[in-house]
Each structure stands twice: as structure tokens, then as C-alpha cells.
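Novice: Next come the chains, spelled out residue by residue.
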Amino acid sequence: MRSELRYQESIRNIYADYVKPIIKSSRGLFGTITIVVMILMATVGPEVVPLDLEPHPENMWCIPSLQHLFGCDYLGRDLFAMIIHGSREVFLIPFLASLIGVLIGVVLGLLGGFIGGLSRRIITALTDIWLTIPSFPAIFIMAYAFPKSYLTMVMILAVFSWPGLTRSIISEVSSLKTRDYVEAAVNLSLGRSHILFREILPHLMPYIAYNLGALYVGNMTSLIGIIFLGVAPLNVTNWGYILNTMIYTYRALLIPQATPAILIILILLIYVKLGVVYFAQSLEEVFNPRLRVYE
Amino acid sequence: MSFLIKNIFLRTVIIRILYALITIMISATITFFLIRNMPGDIIYALASQLAEELRIPLDEARKIVMQLYYGIDINKPQWLQYLEYIENLFRGNLGYSTYFKRPVTQVIGRFLGWTVFTLSIGISLAFAIGILIGMVAGFRRGTKLDSLITATSSILTSIPGYIIALLLYLFLSARLGLFPAQGAFSPNVEPGFNLPFIADVFYHAALPIITYVLMTFSGWALLIRSNVAKILEEDFLKYAEARGLTKMRITTSYIGKNSILPLVPLLAIRIGGMVGGSALIESIFAYPGMGYYLSLALSIRDYGLLQGIFFIMTLLTIAGVLIVEIITPLLDPRIRKEVRG
Amino acid sequence: MSSDVMISIRNLKMEYLVREGTIKAVDNIDLDIYRHEITGIVGESGSGKTSLIETILRILPRNARIRSGKVILRTNRGDEIDLMSLSEETMRRIRGRVIGYVPQGSQTSLNPVQNIRQHFIETLKDHGIHDEKTIEESYEKLKIVGLEPSSVLSKFPHELSGGMKQRVVISLTMALNPEIIVLDEPTSALDIFSQRILLNILDNIREKFRTTMILITHDLPVVAELADRVAVLYAGKIVEYGSFRDIFEKPLHPYTQMLIRSIPSITNFYTKSIPKPIPGEPPSLLNPPPGCRFNPRCPFTREICVREDPPMIEVEKGHYVKCWLYARK
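Residue numbers (numbering that gives the first Met the number 0), protein chains in the order written: chain H, 0 to 294; chain X, 0 to 340; chain E, 0 to 328.
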């Protein structure tokens, strides 16, 4: 009985502390809706919307209509379906990459910040060196070099995702280490893991939230970017590939009828990125006031 | 006293340069092994082509190609090749471009300038415009103008560069024909220090520069705005006013300096991102800079050129970061203290 | 004690506009500052001390409104001007040059990105002084506060200790040889030794330059040591004003009496009075109620005190008090 009450109470707490503030702000609402839309697009979408890759020359560059919500491409294929199907690759790969990047970043950051001393100097040096390698060209080249698969793409993107977060975490943790309440916890022999999870991790959540959002958007840009420049995609429905063939093979930029198609893809990309960024921002704000309670 | 400062300052400069050199070495190494092991044996293709042309055996043709290619002897084991590669790097030999049939350094020399040209103008303009707009927003905090600037800026920062480039190209070049579609200058204009040429160059560089500016200025604006808002609450402003200092001085020496200086280190990180981003932007505008040739080299599998360009890009990034890191303590006295400790 | 009034404040009213209403920080203040004297303004935190000075100097934040009042300044040369009526540019020239201000918390009052020399130079330049000689001479002011110019001028604020920064600020304020300087809580952040040094410096300045001074503080012993005249500030109003002897030997207002009794004294320690803290809390200046502001904490409060604000009465020559105990209705 009591555990049931506690369970209900904790759900109410999660709602009040996390969900409500996010939904209350207009940015948070916009972001959450976008995320929901994205998840639907990637999971349910491809099951519901049939993909027809057969060329229908009579429909070339058709304008958006009820039949073809986003219009058609250069071969007369339904753009809406292609985009829905491509969303899996476009959304999922950067997400996994960012997740792994954040994980590595947090682990390295905690190690460096917490242990300090030599390991901190080594990790910081490593991070600095990594940061000066131009990431986009490197990703570009590596994408060509390694065999094509989901895993390799995720790993390539992840490899360049971790440095940013590591830096902030190391500096945060180092300064937190000397804060009074941490020292108090140490003195009370509360154990390293307690300190880690209860005291330090909540302070890092805003950075993590912000970085997840920024990385996600950045990785998506990189992914679409390299495919736009010519790297072979995993599916022809990859949005970058659609843009690439439209613009380079079929000179869509110069064809007036093609403008809606291009614009739709670009606007969709802007919308998705904006939504993710707003969501990450409101998440960051949610974590911040909680920290003030701690302090 | 000042000699002591100079001494420690010099020491940090040297450490920074050493850092930079190590970074260069590491990225050169990665580049080498990465590209060396890429699929697609173009060497074979080229060698067979050469063998046919010169009527020499395939093996010899191979040797020649590898020699020209990396400036190395193919028969040696890979790690020796690596050492020769490094040695060549120090001598300034970046390898051979199979597409252009020239040493990479020659090829890069021709178009490096365009990238540096557009990037430097773009980055500086973006910084300046961003600061101006951000300061206006910071001073008029809470007003409608401020909300407008903040909202627009946050939306703009989320739009990736290539989308801005595509949109600009679509509307300004393809649609309205206001700007040229490709190239750094028109074929019918005489290169040189004459006005028509310079005007033409700017005409062609306009869209890439505008893209760079639009990509980044909003980020600076938002940062400055929050800095200004913080600074405006500072005590030293009140005391400056109480001493009867002019408004101009307070705005520049007090508010301006204090809000802009923390941003300078961020400029360093930005430069790295922009050098990489230039690949995408230049390709869209067919602007013959390093980024354009990077993707070109990749698609035609000209590994020598590819390696060389990537190396130069890394070099540029490191150089940019280095310059900023050296300048920052000179500008901001507070950082000098950390440098000392 | 001179009888020459340098600053004459009449009916000065200033309020801050906030979301909940208005904060009447300076509520109809009349005050005279006498030339070549040290006037102490005493009050608790939140009583409106800093607001008063910021109003006189017109360096108020954006949400402040000066509702009425005159601040007549009679300079040493004989000019008579109402500070409230001046243009911003004229006021700017007076700030620092005629009236100097040493703010509270001088630790954070210096510009972190420039060194001390630059602070001096810019202050002089913005007041029209460009010649090398005068600028060099201004550096000598550092000696008054016990600092060696050659070692301090090239330093940046973060390279100086808190005490040094405060002394730099004092010397910087003196650089333009102002006729009057206002010091806002100069001793609050200091330990007892630094306080002593500061008081000696102020005494020095008074001796050497005969500068008129206004000393704002909640620290009564400091006032006791330096002030010629004392004004007691409570809730944005002056409740008692008189010479140093008047205030300390014959305090009239209940608040002043309690203030004096609340000072721990070494001589009194074992014998007579145990220091009594003043009960209650300082009033909020937000949308204040009518009547005397002190009445909630006053042991002598009567019915009229709640209804009406008492007028200022001159009980004896030069000794004024604002209290229904002395005013006739």
C-alpha cells in the first residue's frame, strides 16, 4: 500500500518537476511537439506510408496536392513518402552518435575532473588536440574510407562528438570538487559513488542537456552535409541524397517547378533542428532551477 | 618586473607552439594512415594508364606513380613510408595531385587564397555585426526590439550553413540572377590590381561571405547580449559614472571591453568549425576554394590532393587557434594572471 | 564648526518604480551640509542612505524617479546651483570634479581590464585635463592613502588586495581635488586594523585639504570619531539632526537613543548598560503606511504616531528632531 502511494507520488513529482515546466514555456512546447512528430515520423511513419520508388515521369516535379503532400521529385515519385522513410536514417544515426558522444564525453570529463592531476592534464590535452581537427572534412573523408553501414556512420560521427562536452565537464567538476558541500560529503564518508550521483551529476545535467541538443543538430547537419556532397547513403530516401540528386544531377535549383520540393526539404530540416534546440534549451532550464534547490 | 612578465609570456607562447606542432603531427599521421588505407586502388589504375602511355612494365609504372604521389618509395614498409612522408612534410612537400598532375603545394597555392579571403572577411564581419546587434539588444533589454533581436537570432543560429547557402543560391542567384553562379571571378575580366577585377572578385565572393555572416553573427549577438546584460549590473559602472566619465568612454572602455573580451577565445574555436564548414559552402556556390577542391578530390579519388588539403585545413585551424590564444592574454589582463600561475 | 552651508537639500523626494508599487527611498528630506565639516549620515541597511547620495549625484538606475526637491550647491568659489535643475552634461562635469564619491564595496568599483594609471588618466581627460604635468601630479594622491605610485600605477585591479583597492578608489576620487567627497560605508568590509588606517587617512585628508565630507555609515563609533554633524536616517527620512555632541550626549529621537545604547562599549561593558539591540525589523519602503515610520518599533508610540507623520522641530539651536514627543499638535 505504502509503496503504491510513493509510486504515485514520484510520478506526480516527475510530472511537476520535469514535464510541467517544459510544457509551460512556449519553446518547450514547440520542442516537445517537434520531438513527438519526429518520433512518429521515424517509427510509425514508414509502416503507415507506402514507399513507391518506381519512376512516374508523368508526375515529374508535381506541386504539392492532397495526393502528393510534398509534391514529387524529378522522377515523379512521391516526396512525402520518401521523406518519411528517410527520416529513420536521418533522425536515428545522429541521435545514436550524439548519445555515444555524450557518454564518452561525460565519462572522460568525470575522470579528468574528479581525479584531477595528471589524468586531467592528459585528457585536457587530448581534447584540445581533437578539437583542432576540422571535424566536417574529417567525417567526410572517413565516411569514404570505411565500409558503409549504420554502425560505421554512428561511430564516425560519435568520434567527433565527445570533445566539446568533456571540456565543460572537466572544468565544472574541478570547481565543484572544492565546493563546500562536496567536501562535507567526503568528510561524512558518504562514498564516492554517492557524491558522484547525488551531488555532482545534477549539476552537470544542464550541460549534458544542452550538448545533447547541439550535438544532435550538428551531427544531423554533418550527416546530411556529407551525403549532399556525394558520400553514398545507406538508403536512397536519405534526405541528403534526395537533395544531392535533385540539385546536382537534375539541376533543381534552376528549375522553377522544383523550388517547392527543395524548399519543403529545407524548411523541414530547419523545423526539426529548431525543435530539437528549443527542447534541449527548455530541458536545460528545467535542470537549472533544481540546482538552485541544491545550493 | 616587466622582463619577468615577458619571460613567462614567452614561455607560454612556446608551449602553445609546441602544442600546435604536436597536433599537426598527430593529424598528419592520422591523415596519412587513413588515406593510405582507403579502398579503391587508384594507384593501380593510374599505374596501368601510365604503363600504357610510356610502354613500361606495370611495376615500374607503379613505382613512379607512388614516388610522384607521396614522394615516397613504395617498396619500403609502411612505417618507413610514413617517416618519409613526415620528412617531406617538413620540407614542404605535400605530395602529388594525380588529377592536376602537379605537386599538391602548387595546386593548393592557387586556391588557398580564395578560402582565406572569404573566410577571414566572413568571420570578421560576422563578429562585428553580431557585436553591434548584440550590444543594442543588451542595452535595450526587455524592450520589444530586444525580444525581436533575441528571437530572430535564436532561430538563425539553428539554421545550418548549407541550408542558408542553398536558400541564398536559390533565390539570389538562380531565381533573381543577382549573383553569379560559380567561380571566383568572371572569365572575361583581366586579373590584377585593377578596379574591375577587384569589383568582380567581390561580386563573386559576396554570396559565400553573406552565408558565413548569416551563419554565425546571430551566435555572437546572443553571447554579447547576455554579457552586456551582466556587465550593466556591475559596480564599476556606477563608480565610472560617479567620476563624471563621458558616456562614450563608459560604453567603450567599460561596457564594450568587458563584454567583448571573454568572447575572443570562442573566436578561436569558431575558426576551426568554419574552416571545416567551408567545404560544404564552397561546393554549393562552386567557389574554387579549398573546401570545393576537397570534395572534388574525394570524388575523383585524388588522394594526394585530398591529403594535402586536409593537412592544410588542419594547419589553418591550428594557426587560427594559436593566434587567438596568443592575442587573448595581451588584450585581457585578467587572463594574464592565469598564464602566470 | 562653520556656519557656511555648502549643500542645501530641501524637500527631496525620490522613489523606485517596481512591479508591486513604489519604493519611497528618499521621502521628503531636508538637510544642510556645512563647508569644511564632516557630516555623518547614520542609518540601518535599507534606510535609504545610498539612495540619497545617488539622488544627489543623479546616478540613479532606470526605474528611479526624482519627484521633487532642490539640492542647492554653493561651491567654494561662490557659485550657487541647483543640482536637480542642471543638464546631464553639466551634471557630468560636476560629478567627480566638484563632488567626489567613494562607493560602498570599492573592491568591485574598478574596471578589471585597465590598470590604475589608465583609471587616473581617463578621469582627468574626461574632465578636460590633458597636460602631462597635472596628470603626473594626480598620481601623488596615492601617497595620501599610503600607497607608492610607482608600484601601484601599472597594476590591474585583480592584482591588488581588497584594502589596497579601496585606498586606490579614495585616491582616485581625490585626484580631481573635489570640494566635497561622499564616502558610502567605507569601513564595512574592513577588519579593525584596516578601519583604523582608513580613519587616519580620512583625518589626514580633512587636515590637509579641508575637504568637506559626507560619511554614510551604520557604524556609530566611526561617526563618533570623525563627524562634526550627524543626521540620523530612518526609512528614507531624517529623524534627527544635530552636532556630534547633540546626538551622542543628548539623543532626542527614540531611534537615536536606541542606536546609541546598542553600541557595545569597553568602558560600559562591565558597569552600566548592556547593549540593547533594537527590536523589530527595518520597515519596508514599499508603499509605506501613513504616520511615523518608526512607530511599530518605538517604545513611546502613541495614537497620533500611527496616524500622522510628525514635523521636523528645532528643539535647541542646530538640533532638530522629527518626533511627536517634541512636536505640538
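Bear in mind the hints are in silico, worked out from the structure with no lab data behind them. Even glycine gets a Cβ: it sits at the ideal position worked out from N, Cα and C. Where hints are given, some of them may not hold.
Residues of chain X clear of chain E, computed beta-carbon distances all greater than 10 Å [said to hold, decoys possible]:
{"no.": "1", "residue": "Arg242"}
{"no.": "2", "residue": "Leu260"}
{"no.": "3", "residue": "Leu321"}
In silico DMTMM-like pairs for lysine to aspartate or glutamate, Cα to Cα no more than 25 Å straight-line [claimed, not checked]:
{"no.": "4", "chain 1": "X", "residue 1": "Lys229", "chain 2": "H", "residue 2": "Glu283"}
{"no.": "5", "chain 1": "E", "residue 1": "Lys164", "chain 2": "X", "residue 2": "Asp199"}
{"no.": "6", "chain 1": "X", "residue 1": "Lys246", "chain 2": "E", "residue 2": "Asp81"}
{"no.": "7", "chain 1": "H", "residue 1": "Lys23", "chain 2": "H", "residue 2": "Glu283"}
{"no.": "8", "chain 1": "X", "residue 1": "Lys246", "chain 2": "E", "residue 2": "Asp130"}
If you want the ones that stay clear, here's a sample from chain X, every Cβ over 10 Å from chain E, calculated [to be verified]:
{"no.": "9", "residue": "Arg10"}
{"no.": "10", "residue": "Ala27"}
{"no.": "11", "residue": "Pro102"}
{"no.": "12", "residue": "Ile128"}
{"no.": "13", "residue": "Lys143"}
{"no.": "14", "residue": "Leu144"}
{"no.": "15", "residue": "Leu147"}
{"no.": "16", "residue": "Glu233"}
{"no.": "17", "residue": "Phe235"}
{"no.": "18", "residue": "Ser252"}
{"no.": "19", "residue": "Ala285"}
{"no.": "20", "residue": "Pro287"}
{"no.": "21", "residue": "Ile326"}
{"no.": "22", "residue": "Pro332"}
Novice: When the structure is checked against the list of hints, which entries are broken? Sort them ascending.
Specialist: 1, 2, 5, 16, 17, 18, 22
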